[in-house]
Amino acid sequence: MDEGYLVTSMQRENLKSYLADEVSKIIQDKVEAVEECKLSQTLQRGCFSIFYNLKNLKLMPGVDKCHIQVIIILLKCSPNLEALLIEFVEMSEWENYWKSQDEDVTCLAYHLKTVEISNCEGQENELEFVKFLLKNGRVLEKMTIFLSTDLEEQMKITQKVLAFPKASSSVAISFPKDNKTTSLF
1 MDEGYLVTSM
11 QRENLKSYLA
21 DEVSKIIQDK
31 VEAVEECKLS
41 QTLQRGCFSI
51 FYNLKNLKLM
61 PGVDKCHIQV
71 IIILLKCSPN
81 LEALLIEFVE
91 MSEWENYWKS
101 QDEDVTCLAY
111 HLKTVEISNC
121 EGQENELEFV
131 KFLLKNGRVL
141 EKMTIFLSTD
151 LEEQMKITQK
161 VLAFPKASSS
171 VAISFPKDNK
181 TTSLF
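Numbering (full-length UniProt numbering), first residue to last: 1 to 185.
Keep in mind the hints are simulated off the structure, nothing from the lab.
By construction, the Cβ of each residue, glycine as well, lies at the ideal position given by its N, Cα and C atoms.
Hints may be right or wrong, so weigh each one.
Using C-beta positions, here's what the derived DEER-type ranges look like [claimed, not checked]:
1. M155 / A109: 30 to 36 Å
2. A109 / D150: 33 to 39 Å
3. T106 / C66: 21 to 27 Å
4. L162 / V89: 21 to 27 Å
5. K135 / S174: 37 to 43 Å
Taking lysine to aspartate or glutamate pairs in the EDC-like style, the calculated list, with each CA pair at most 16 Å apart, reads [to be verified]:
6. K76 / D104
7. K166 / E141
8. K55 / E90
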């Protein structure tokens, strides 16, 4: 493929006139083999396309219910995903809380081996999402969580996370002291 397409930034206000279906068609028509995908803003409505070749995914979502649901949608659209990097961004206001449901996410059952989460403050939605990944990540080998809280709060969060049920008996969960990502990609 000689041509490439780079989308540097898509702000919500720039997408007001587009429907998710139209954006999906544009992506399907222009992207043949997505292997790495980095998104900072996403759409709520449904899956864009199925990204069979996507192995690494970096997302920079908020931690409200809407953003967590979009992450789940993107995971469902990425059945062969092996590495997931989440950099939570600050949200000024929390919307509804997200509770995990029985979701059929293929990459969690068969391919996702590495998860890295940064800027984690131990908010309810963040912890529910971590719990969801651990509970469903059957082949998960490594989860790294960078906490951005004080030492006392880090201890509480660490204890909670380590007590979560795990689908993979061999998953290693680490909580590095500095809040710098290890750059999976």
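Hint-by-hint comparison with the structure:
{"no.": "1", "hint": "M155 / A109: 30 to 36 Å", "verdict": "holds, 32 Å"}
{"no.": "2", "hint": "A109 / D150: 33 to 39 Å", "verdict": "holds, 36 Å"}
{"no.": "3", "hint": "T106 / C66: 21 to 27 Å", "verdict": "holds, 23 Å"}
{"no.": "4", "hint": "L162 / V89: 21 to 27 Å", "verdict": "holds, 25 Å"}
{"no.": "5", "hint": "K135 / S174: 37 to 43 Å", "verdict": "violated, 19 Å"}
{"no.": "6", "hint": "K76 / D104", "verdict": "holds, 7 Å"}
{"no.": "7", "hint": "K166 / E141", "verdict": "holds, 11 Å"}
{"no.": "8", "hint": "K55 / E90", "verdict": "violated, 26 Å"}
The structure fails hints 5 and 8 (numbered hints given earlier, in ascending order).
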